[in-house]
Amino acid sequence: MALEILEPGLATTVQDLGRPGHYALGIPIGGALDRRAAVVANALVGNEPGAAVLECTYLGPRFAVTVPALLAVTGAEVQTRVNDEPQDSWTAIALAPGDVVSFGLLTAGARYYLAFSGGIDVPVVLGSRSTYALGRLGGFEHRALRAGDVVPLGTAVGGEGAGGPEPGVRAGAGATVPPQLRPRQAAEIELHVVLGLYDHRLSEQGRETLLSTDWRLTTLADRTGMRYAGATLEWTQRVQPFGAGSDQSNIVDAGYPVGSIQVPGGTEPIVLHRDAVSGGGYAMVGTVVSADLDLLAQAMPGSIARFRAVELAEALRLRAAYAAGTRAIVDAIARR
Amino acid sequence: MSGAQPTREYRCSWGGDEFLFIEIDEEMSLEANFRAAALTRGIVEAQLPGLTDICPSNASLLLRFDPELIAPEELLARVRALAAGSAELGSSTLPSRVIEVPVWYDDPFTGEVGARFRANHQTPQQSDLDYAAAENGFAGREEFIRAHSSSPWIVTMVGFVAGLPFMYQMVPRERQLQVPKYLSPRTDTPALTIGHGGCFTAIYSVRGAGGYQMFGVAAAPIYEPERTLPDYADSIVLFRPGDIVFFAPVDGARYEQIRAEVDAGSWRYRIVPHELDLAAALADPDAYTSILREVLHGA
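Those protein sequence lines, which keep their order, are chains U and C. Sequential numbering of the first sequence, starting at 1, is according to the working numbering. Sequential numbering of the second sequence, starting at 1001, is according to the working numbering.
What the hints contain is simulated information worked out from the structure, not anything from laboratory work. Glycine included, each C-beta is placed from N, C-alpha and C at the ideal position. There's no promise every hint is true.
Unchecked claim - Label-pair restraints from in silico Cβ distances:
| hint | chain 1 | residue 1 | chain 2 | residue 2 | range |
| --- | --- | --- | --- | --- | --- |
| 1 | C | Glu1275 | U | Arg327 | 47 to 53 Å |
| 2 | C | Pro1095 | U | Arg238 | 32 to 38 Å |
| 3 | C | Leu1069 | U | Asp88 | 35 to 41 Å |
| 4 | U | Arg143 | C | Arg1268 | 27 to 33 Å |
| 5 | U | Leu105 | C | Ala1191 | 35 to 41 Å |
| 6 | C | Thr1123 | U | Leu220 | 25 to 31 Å |
| 7 | C | Thr1187 | U | Ala187 | 27 to 33 Å |
| 8 | U | Glu141 | C | Thr1187 | 19 to 25 Å |
| 9 | U | Leu181 | C | Val1262 | 50 to 56 Å |
Okay, chain U solo, but in the shape it has when bound (with noise of 0.2 Å):
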């Protein structure tokens, strides 16, 4: 009932929907970076949407298999081999004991998820299969995958899963998400932002300077963040509070929202993903929209962001809008 990873890729670890609950102990909410991706890879192979799956960064595992297991392959595109032979993605696959998975380069965004029938099965710590490698938390062994890891799958779920969208009705060989729905990975996004928190620290100029400038992400890109370069933000002048530190982009340490963009220094904006650091020192000026998060996972080092200032009621239309998104695309599944 296992995976034999061959090759572990570059950061492949164990996620599912997170771990809420534990952030006022600096323990991140955690999760696929990407959530539709593994909502929707594990309703092709007929699991709940909370099942445990792999998230592959930039470059994914080769693997073979010891049991009979249904895959989906979602999020980047990516080319997926069984065999050496071409998959299709957005599409549950049979795999048969020994056969061999495998995956070409990305040709767009930057995460890929593998849902397997019954989920990846390794310990739920604190209510989440997550990995948080640096608090030696959940996922598998805590870390990344290695070459020779031996990774358990549970058992594959029949009919009726908790809280899943129908799953093992449509799921199964064959079933497979409609072109025309599959998210599309773009080299620019747009990521809608309620300003606050401390926006009130940038100068009239610094909030033009954050809304019109075409933000390039730089390497540092991970589970705890994103940091984009491409100008310098104004803030306007102060004598600091005391205990908030000398710099002007310097606050008392707060608390941080996941989506939350920082700004250390005023350039190179910071923008926190599901595995954020809880709290820390520096003005954060806006939150990208929960809405929005997927995009951003996708997000390849060199690519273009922009941020457009939306009120809250507009993010909360856009989550409506996103949780609509999701069910149509599940609720389309079919078996081909």
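Please arrange chain C on chain U, whose structure you already have, making use of the hints.
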């Protein structure tokens, strides 16, 4: 330091569609932290629906909510009402614990890492301790260590990474120890390093990058996901906001003894529950320190 200020409105701001940020004060003070703690307690006790995470920090709070379970405007109204009710500290108390943390100040581990990163430091020719002593007008590192370990610290925030406590010393502002962070962060910090940046002391719960000045190393774990030590039966994290910490200087021999107890699984921190009287602690921190010391040592 008076607790008798009129009720004021805390600044509230949305962190996207899942977070609400409440700033008690722009600047750090014991009072601001107590107000944050009091509001946190009020929010916890109100059992608002849809709140997944309630994160108090130094002088602010961060709430994570599910907007499908509580409308943001309703959450904001409830929080504002609770804030108005909790802003007057009056005779309120907070459940707390007094914890003794043995520290090997001026230890070889942080000494070695500090020596590797001198290029990142303000005064490469000086150690972190000597620099901190000079910055705060002390004659030398021994005097600085005495100031750091003689008055207790209150845990004002847990976070950044898992289980890392930020602590603020319970002394008047004019006696606060203040040291700038490294000019550029180190890529390495030993686990359990006692670090200091601005007016905050932190204990690095895990090894990793860091920018705080390094003064010593705690002898026993403060974060234990493996849960082998009895102190971690209920939580993998030792500290909670509101805990009061006395640093107890130990030498290398005692440090090794404690490490042996940790390895044997028998180490226990000295932890004494205490109901923290906010007004009394604000009115005369030094007098309150004497009370806390008696609490810790069972007067």
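Status of each hint after checking the structure:
1. In this structure, glutamate 1275(C) and arginine 327(U) meet the distance hint of 47 to 53 Å, their C-beta atoms being roughly 50 Å apart.
2. At roughly 36 Å, the beta-carbon separation of proline 1095(C) and arginine 238(U) lies within the given 32 to 38 Å, and the hint holds.
3. For leucine 1069(C) and aspartate 88(U), the Cβ-Cβ distance of about 38 Å falls inside the hinted range of 35 to 41 Å, so the restraint holds.
4. Range check, arginine 143(U) to arginine 1268(C): Cβ separation about 30 Å, and the 27 to 33 Å hint holds.
5. In this structure the supplied range 35 to 41 Å holds for leucine 105(U) paired with alanine 1191(C), their Cβ-Cβ distance being about 38 Å.
6. Checking the proposed 25 to 31 Å range against threonine 1123(C) and leucine 220(U) shows it holds: the Cβ atoms sit about 29 Å from each other.
7. Checking the proposed 27 to 33 Å range against threonine 1187(C) and alanine 187(U) shows it holds: the Cβ atoms sit about 31 Å from each other.
8. A hinted range of 19 to 25 Å holds for the C-beta pair glutamate 141(U) and threonine 1187(C), which are about 24 Å apart.
9. A hinted range of 50 to 56 Å for the beta carbons of leucine 181(U) and valine 1262(C) is consistent with their spacing of about 55 Å.
This entry satisfies every hint, going by the numbered hints stated previously.
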